[in-house]
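Engineer: Build the full structure now, drawing on both the sequences and the hints.
Line order of the protein sequences matches chains A and B. Counting in the working numbering, the first sequence runs from 1 upward without gaps. Counting in the working numbering, the second sequence runs from 1001 upward without gaps.
Just so you know, these hints were derived from the structure itself, not from any lab.
Here are some chain B residues the structure puts well away from chain A; computed CB gaps all over 10 Å:
hint, residue
1, G1039
2, N1163
3, D1166
4, R1215
5, A1257
6, A1276
If you want the footprint, here are the derived chain B segments under chain A, 3+ residues with CB under 8 Å:
hint, region
7, 1046 to 1053
8, 1078 to 1088
9, 1099 to 1113
10, 1147 to 1159
11, 1182 to 1193
Built from N, CA and C at the ideal position, the CB exists for glycine as well.
One-letter residues, chain by chain:
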Amino acid sequence: MSEQSMIHDIGYQRYQGQRLGPRSIFGALYVHGLRAAFGLGRSAKAKIFPWIAVGLIGVIALVIAIARSQGSDDVGYADLPSIASVVVLVFLAIVAPELVSRDLRNNLLPLYFARPVSRAAYAGAKLLSVVSAIWLMMAGPQTLIFAASAFGQGDVFGELRGLLGGWLVAAVYAFVFGGLGVLIASLASRRAFAAGAIAAVFLVTLPVAGVLMSLGNKTLESLAPLASPTMLPEGVREALFPADNMPIGNYGPVYLAAGVLVPALCALQLILRYKKVSL
Amino acid sequence: MALISTRSLTKTYPGGVTALQDLTLEVEPGVIGLVGANGAGKSTMIKTLLGLLEPTSGEISVLGLNPVSDGNAVRARVGYMPEHDCLPPDMIAAEFVTHMGRMTGLPRTVARERASEALRHVGLYEERYRQIGGYSTGMKQRVKLAQALVHDPDLLLLDEPTNGLDPAGRDAMLSLIHRIGTEFGISVVVCSHLLGEVERICDSLVAIEGGRLLRAARIESMTQGIDVLAIEVSEGTAELSEALTRQGLVVQADGRALLVRLSDEDTYDLILRTVAELDLPLHRLDQRRHRVAELFAQDREAAHV
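Structural biologist: Now the structure itself:
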């Protein structure tokens, strides 16, 4: 700096430049949420839990990759979400409250809605952020498995087909888990309550569906997984790629419909919830 | 063009509570004080201006736009500072204000620059990379103001900006608001239940009570031409009061003095003549400036009659 450097108070400057429209604002809110899900741009404390979950699923992916390199074809890309579903659930219980309950707790909504951010846009951006984050935490490790397998064997196209199928299954998981998780989190302003409620809904329904399945009634056995959001995506997967993982009988279309309807209803309910929120 | 104009604006909440009733007003750009007791309808008014609440009936226009049908256009040009806490404690101030700038449509780099600038203007430049949770109440109020200012709005709506501040913090906040209104060229609506606080920095005042408009005028016009004369006589105050009332003057007792509204120059003569006729020892006769607060007090009494 030169000796003559001095501070100039240039006073207030009006802004005449570009102002982006609602679509760009939606994009900014979505990216902000996606980054926050992984603790990016946040304190070190906010990074701990998401990255522990990512690390765990990475380890699972590593084990699968090693098993496949040993010639085992029993576990494929589409198996990762169900094998790691508990980890995904933990991740959801961390991320959804982080993105949704925190804004409620800190009274941030008046600031958003006093800007060109509509209630539906806010709800939609948050939902998409969580769904994308969950999908990424499954699709990333699946890609790792692909990288390991494709280099190891050589049937690149076969592996690629498997990877794309795996991504689709991961997307089903992401939409069902994310949709329900964000909706639950949007009802609780305390992060701990929200996380507990998400865990409760996903974990309590699991044994209920299990008991219904074991009652011996064939139809009931095929339809019971619909009652559990944890099992539903696996049923959708069975309908998409039949492999006898789950006894869904002839009810494949029902599972496909549920796989679309559950996230859609969650999104709708979420928008209604934010329409009602008073400022 | 009027900054804000409303016609028979009425807002009734679903519970049946009427927060605004038949409010008609026209406000010119500048620093505007919106005063009224708690529950008078100030916050409802602000939210209606932002288009966050839909009026039950009547018309409203902000910056020439209709906040009901054109909400996003209004909200892109307005900055809002809520009354209550609205800051995430675990975020860094500069990042928070940047994010809020982006939420109003600023491109990424512009948002970052303007966030720094906004924080500098509110006096938090040095501390801008600290977490908001570690800030004092006064600093948090400044961050709230900065996030309302980041996108260079044409109108700022500040809901009780001096809430929770100590006297020095209040003065600093008020002079900052005054600077925004004058030097920055941004119109400001300041809500407050403390008239004495806002009358110092405002060009015009809007007073509401029970959702009704009490008075809306520029400050000069409020203090002009409605000065009063204070008359003090050593004895016979009651007699004088009676005599003046008979002459058609409005007389008010104020301790040992009598206050008479000064309508024109003749009032002087009339009073002097009356005192002389009654042969009372005149002690004092001087002109008093009304403080704005007293004017509102009179209006309020009138409204209750």
